[in-house]
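Student: Sequence:
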Amino acid sequence: MSKLAVNLSMIFTEVPLIERFALAKEQGFQHVEIQFPYELSIEDIQAKIEQYNLSICLINVPAGDLMQGGNGLAGIPGKETEFHQALKLAIQYATALNVPSVNILAGKQPLDADLLPCLNTLASNLKLACHMLGEHQIQPVFEMINGADMPRFLVQNIAQAQDILEAIKNPNLKMQFDCYHMAMMGENVLEALQENIDNIGHIQFADCPNRHEPDTANIAYSEIFNWLSTSNYSGFIAAEYKPSKSSMLSFDWKKKYFA
329 MSKLAVNLSM IFTEVPLIER FALAKEQGFQ HVEIQFPYEL SIEDIQAKIE
379 QYNLSICLIN VPAGDLMQGG NGLAGIPGKE TEFHQALKLA IQYATALNVP
429 SVNILAGKQP LDADLLPCLN TLASNLKLAC HMLGEHQIQP VFEMINGADM
479 PRFLVQNIAQ AQDILEAIKN PNLKMQFDCY HMAMMGENVL EALQENIDNI
529 GHIQFADCPN RHEPDTANIA YSEIFNWLST SNYSGFIAAE YKPSKSSMLS
579 FDWKKKYFA
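This note's numbering puts the first residue of the sequence shown at 329, with every later residue one more than the last.
A hint or two may mislead.
[To be verified] With a cut-off of at most 30 Å between alpha-carbon atoms, the simulated BS3-like pairs for lysine-lysine come out as follows:
| # | residue 1 | residue 2 |
| --- | --- | --- |
| 1 | Lys-582 | Lys-570 |
| 2 | Lys-570 | Lys-331 |
| 3 | Lys-353 | Lys-497 |
| 4 | Lys-331 | Lys-573 |
| 5 | Lys-583 | Lys-331 |
| 6 | Lys-455 | Lys-331 |
| 7 | Lys-570 | Lys-584 |
| 8 | Lys-582 | Lys-353 |
| 9 | Lys-584 | Lys-331 |
| 10 | Lys-455 | Lys-416 |
| 11 | Lys-331 | Lys-416 |
| 12 | Lys-416 | Lys-497 |
| 13 | Lys-570 | Lys-353 |
| 14 | Lys-570 | Lys-583 |
| 15 | Lys-407 | Lys-497 |
| 16 | Lys-407 | Lys-331 |
| 17 | Lys-583 | Lys-573 |
| 18 | Lys-584 | Lys-573 |
| 19 | Lys-331 | Lys-353 |
| 20 | Lys-497 | Lys-331 |
| 21 | Lys-353 | Lys-573 |
| 22 | Lys-582 | Lys-331 |
| 23 | Lys-353 | Lys-583 |
| 24 | Lys-497 | Lys-455 |
I should point out that these hints are in silico values taken from the structure, not numbers from a laboratory.
Produce the complete structure using the sequences and hints provided.
Tutor: This is the structure:
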């Protein structure tokens, strides 16, 4: 049975991050994920998850300038030392906060770089992440992000993710499967899940194309959630969407599919 989580970086943004733990609990969640928790101290986060009896299921390795429009870290030649430092910081947070999975964002191919050196750098850094995270029994995952939202991202679709898994050959490394990104890339979301579930370590969901909550656009979430409930997938499925109205009014899907 999969476990439901809510993303505190994209939902409840009406209030500062430190106040979102209370709102997650108010909406009945037991698990949360945070893209980049590093604006808060470990101690402040610990206090909140203890106060509201929450667990954090996923964080990202710091991604350099990626979220500000830059190229990021993991697949960027010359950024290896910076990535290593970012990975150590992620491990510090994950071990202290008992986070079971850490996501590595590949980054974007720089305009002045060839693709192959970027992919080689990404492979080396993923191998390093597998080793370092494995020492702490933390599962490494990596995410496919669609090329419309993030042009030149190094891992955009299922086939590219499968190539990476084949190249790394570490059974602990899994895909982070975001239904929205895969729909944006033209993948059949349900079929892609069914065909790759053994290689998926974490699932996120939003509707497509506007990235709002389920049942606001084109993805058939009734079929997806129904299949996941009967599958052997036991990881987390996390709501990571931009609420169409206010966050607190965006949870009709939760009542419908997870009552």
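Student: With reference to the structure, classify each hint as holding or not holding.
Tutor: Consistency of the hints with the structure:
1. Restraint check: the Cα-Cα separation between Lys-582 and Lys-570 comes to about 15 Å, which is no more than 30 Å; the hinted pair holds.
2. For a cut-off of 30 Å, the pair hint linking Lys-570 to Lys-331 stands: about 21 Å separates their Cα positions.
3. This hinted pair does not check out: Lys-353 and Lys-497 have alpha carbons roughly 39 Å apart, beyond 30 Å.
4. For a cut-off of 30 Å, the pair hint linking Lys-331 to Lys-573 stands: about 25 Å separates their Cα positions.
5. For the proposed pair Lys-583 and Lys-331, the alpha carbon gap of about 15 Å is at most 30 Å, so the pair holds.
6. For the given pair, Lys-455 sits about 28 Å from Lys-331 by alpha-carbon distance, which is consistent with the 30 Å threshold.
7. Taken as a hint, the Lys-570 and Lys-584 pair is honoured in the structure, with Cα atoms around 19 Å apart against an allowance of 30 Å.
8. Taking the CA atoms of Lys-582 and Lys-353, the gap is about 14 Å. The hint holds against a cut of 30 Å.
9. The suggested pairing of Lys-584 with Lys-331 holds, with an alpha-carbon distance near 16 Å, which does not exceed 30 Å.
10. The suggested pairing of Lys-455 with Lys-416 holds, with an alpha-carbon distance near 14 Å, which does not exceed 30 Å.
11. A C-alpha spacing of about 27 Å is found between Lys-331 and Lys-416, which places the hinted pair at or below 30 Å, so the restraint holds.
12. At roughly 22 Å between alpha-carbon atoms, Lys-416 and Lys-497 fall within 30 Å of each other, so this suggested pair holds.
13. Pair hint Lys-570 plus Lys-353 holds up; C-alpha atoms about 19 Å apart against a cutoff of 30 Å.
14. Simply put, Lys-570 and Lys-583 have alpha-carbon atoms about 18 Å apart, close enough for the 30 Å limit, and the pair holds.
15. Taking the CA atoms of Lys-407 and Lys-497, the gap is about 23 Å. The hint holds against a cut of 30 Å.
16. This hinted pair does not check out: Lys-407 and Lys-331 have alpha carbons roughly 35 Å apart, beyond 30 Å.
17. With a CA separation close to 17 Å, the supplied pair Lys-583 and Lys-573 stays within the 30 Å bound.
18. Restraint check: the Cα-Cα separation between Lys-584 and Lys-573 comes to about 18 Å, which is no more than 30 Å; the hinted pair holds.
19. For the given pair, Lys-331 sits about 15 Å from Lys-353 by alpha-carbon distance, which is consistent with the 30 Å threshold.
20. A threshold of 30 Å between alpha carbons decides the hint, and for Lys-497 with Lys-331 the separation of about 27 Å falls inside it, so the pair holds.
21. Distance restraint check for Lys-353 and Lys-573: the Cα-Cα separation of roughly 20 Å lies within the 30 Å cut-off, and the hinted pair is therefore satisfied.
22. A threshold of 30 Å between alpha carbons decides the hint, and for Lys-582 with Lys-331 the separation of about 13 Å falls inside it, so the pair holds.
23. With a C-alpha separation of about 15 Å, the suggested pair Lys-353 and Lys-583 falls inside the 30 Å cut-off, and the hint holds.
24. For the proposed pair Lys-497 and Lys-455, the alpha carbon gap of about 9 Å is at most 30 Å, so the pair holds.
Violated hints, in rising order: 3, 16; the structure is consistent with all others.
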